[in-house]
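Novice: Okay, here's what each chain looks like letter by letter:
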Amino acid sequence: MSSIQINSVTKRFGDFTAVDDLSLDIQEGEFVALLGPSGCGKTTTMNMIAGLEDTSEGSILFDGQDLSKTRIQDRNIGFVFQNYAIFTHLSVYKNLSYGLEVKKISKSEVDRRVRAMADRMSITHRLDQPASSLSVNEMQKLAIGRSAIVEPRIFLLDEPLSNLDAGFRAYMRAELKVLQHEFGQTMIYVTHDQIEAMSLADKIAIIDQGKLMQYGSPLDIYNSPDNRFVANFIGSPRMNLIDGEIREETSQLKLMVRGGAEIPLQGQVKSDFTSDGRVHSGSFGIRPQDIYFGDKRSTKDIEMHGTVEVLERVGPKRIVHLQVLETSFIAFDDQDQLKLGDEVPFFMPPDKSMAFDVVSGRRLGVV
Amino acid sequence: MTDTTKQPANARIEPSKQGYWAGVARDGNKMGFWFVLPTLLLLLFIVIFPLLMQLYLSVTWWTPLEGIPWYRAWEVFSWGENYWFQLTDPRVWGALWRTILIMIIAVPAQFFLGMALAYLFMDNFPGRKVFYSIMLTPMMIVPAVVGLMFFLLFQGTGPVNAHLGLPSTFSWLTDVNRAMISVIIADVWQWTPLMFLILLAGMLGVPSDQLLAARLLGGSNWQNFLKIILPRMKAVIIIALVLRAVECFKIFDLIFIMTKGGPGVQTETISLFLYKQTFGEFEWSYVAAIGLTILFVLSLIAAKGLAYMAKKNG
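Read top to bottom, the protein sequences are chains A and B.
Note that the first sequence covers residues 1 to 367 in the numbering used here.
Note that the second sequence covers residues 368 to 681 in the numbering used here.
List time: in silico EDC-like cross-link candidates among lysine to aspartate or glutamate, alpha-carbon distance up to 20 Å:
(1) A/K203 - A/D25
(2) A/K104 - A/D74
(3) A/K94 - A/D128
(4) A/K352 - A/D295
(5) A/K211 - A/D20
(6) A/K254 - A/D351
(7) B/K594 - B/D576
(8) A/K69 - B/D490
(9) B/K594 - B/D490
(10) A/K352 - A/D301
(11) A/K94 - B/D576
(12) B/K594 - A/D111
(13) B/K594 - A/E101
(14) B/K594 - A/D128
(15) A/K203 - A/D226
(16) B/K679 - A/D128
(17) A/K300 - A/D351
(18) B/K594 - A/D74
(19) A/K203 - A/D220
(20) A/K211 - A/D357
(21) A/K107 - A/D119
Under 7 Å between C-beta atoms, here's a sample of chain A residues computed to sit facing chain B:
(22) Q73
(23) A85
(24) F87
(25) Y98
(26) G99
Simulated from the structure, these hints should not be mistaken for lab results.
Backbone N, C-alpha and C fix where the C-beta goes; we use that ideal spot for every residue, glycine too.
Generate coordinates for the entire structure from the input sequences, incorporating the hints supplied.
Specialist: What follows is the structure in structure tokens.
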């Protein structure tokens with residue numbers, strides 16, 4: 001078990017910068033998810049932690065110790081590959097025992113630990129069978145068990161659930177959480193699935209184009225995204241992000257949206273943003289579930305009127321697309337009260353909404 | 368449309384109404400037989416006839432020198448004396464032993480060198496492609512030319528002696544022991560690349576993520592080689608070894624150019640011995656007997672080996 005400090009690590013492949021000045025501080029026993037779209041550099045980051053790739057710049061410290069000169073086989077890092085990399089020519093038993101046998105541990109001890117791990121992963125009945133005969137779900141368990149049995153200092157998982165069927169993925173998600181508790185392991189988990197990251201991780205590092213966009217607890221990231229990318233990336237359905245120009249009219253900040261819609265801003269933007277007198281492109285953001293219908297709950301709430309364009313049923317709720325001139329908002333209609341074509345008022349609490357600078361993507365002020 | 372629904376399609380080809388050829392066309396076996404017959408006859412002529420002729424000659428004393436046409440060889444019928452004679456002929460046993468000696472030294476040498484080289488080429492070092500092409504050139508060269516190359520290299524006044532600082536009286540190809548060594552060196556030089564090529568293909572077939580996983584689990588390179596790479600290459604290794612062993616048993620051109628089997632019979636292999644018997648002594652019936660015996664023994668070994676492998680693979 002180790003803590004990991006990633007200090008301004010950069011990785012270049014020729015002209016392409018895969019990871020750009022990325023710093024992360026991972027505490028002992030923490031479960032951290034590296035989350036981002038495909039090709040954002042999260043797997044490269046993981047490979048650098050494992051030592052499969054060198055860093056171009058910066059350092060990675062394990063308990064304050066630089067392992068960049070240590071050979072891969074001596075690093076004691078557990079790694080679960082996306083396709084599991086099971087030794088298909090060996091039996092399940094031999095797969096589990098591999099990491100112990102190469103360390104010249106006594107036969108009886110190896111046997112004891114293999115059986116304990118097989119029992120833990122409930123694959124005991126498969127021990128003597130060839131690993132190639134396992135189902136994908138069992139291979140997944142074997143891959144985790146094989147890495148866990150050597151008690152690695154950290155555990156790296158590269159999209160381990162992406163090959164599983166939906167039902168087993170949900171089961172394995174819960175199982176991973178239990179395992180992490182049991183092992184008390186520092187775990188780093190690469191995924192592009194925000195649900196996995198949200199449900200598993202203590203902390204999420206969101207990466208885009210090699211840059212760290214935000215690092216924090218799932219709830220933090222969800223409730224107060226640092227920038228437009230995170231706001232847009234996290235949450236399903238996505239946050240409403242309405243682009244326009246921020247203007248000050250009669251000491252009231254407004255977002256003027258193309259097509260004529262106006263959204264009054266109350267505190268989402270610090271006033272110094274517009275004090276230079278120039279026109280700024282801004283983005284107004286609010287999550288669909290924070291938009292409500294019916295009676296206005298607070299006088300501060302932003303009131304707008306929109307036409308119901310689309311209604312999609314998602315379980316007990318309906319997703320409603322509201323057209324305001326040329327702009328579309330997405331909200332939830334949880335009481336089945338709306339009809340297609342209705343022109344309805346809807347309300348947005350200012351403390352649930354946020355604004356971003358379109359150019360830099362950074363969040364404007366904190367509400 | 369209505370026609371086809373009322374009348375089944377097969378009702379139209381009634382053999383009795385359509386005559387013999389329709390019957391043949393419907394009977395796949397008969398038609399197939401006629402098509403295959405020319406090839407079968409050709410095969411019989413190419414394979415079976417020479418074999419029978421060889422068998423026939425091998426039980427006579429026939430030689431082309433006496434003016435009797437081969438089909439009248441029964442006039443000098445010898446029963447099985449050729450077969451008996453070869454078993455007691457020291458030159459046959461000597462040649463067989465030398466062939467096997469070359470095989471058991473050269474083939475493992477090629478195997479280990481090829482394996483080591485293949486392992487080196489698993490890494491993506493700069494210039495890998497160039498070295499790869501250079502590595503493969505020896506096996507592209509005609510064996511007779513390789514023979515000539517090494518014939519020149521191992522001359523008393525040749526480059527080998529010059530480089531090793533040996534006097535020109537130090538002979539390789541005419542020395543009782545060193546002639547064999549020279550031949551083996553030449554064979555290893557020429558055929559290590561083939562071994563390397565086959566083994567590298569097999570080694571690159573080992574999934575790289577499994578190798579990586581093995582390293583991450585703490586296995587040293589040597590342990591991972593033994594436990595992951597080697598077992599996964601088993602089939603390729605068997606193919607490479609069998610291929611080279613069979614080829615090595617037939618070795619001829621290299622030795623013919625380098626030493627002609629000499630000095631004396633020091634580098635005389637089975638192929639060279641048969642060649643000398645054929646065109647030196649003209650004892651064709653004797654050669655036929657030896658050739659058949661070798662064919663029989665090798666077939667037996669091959670059959671046993673195949674049966675063993677089939678059994679092992681379940």
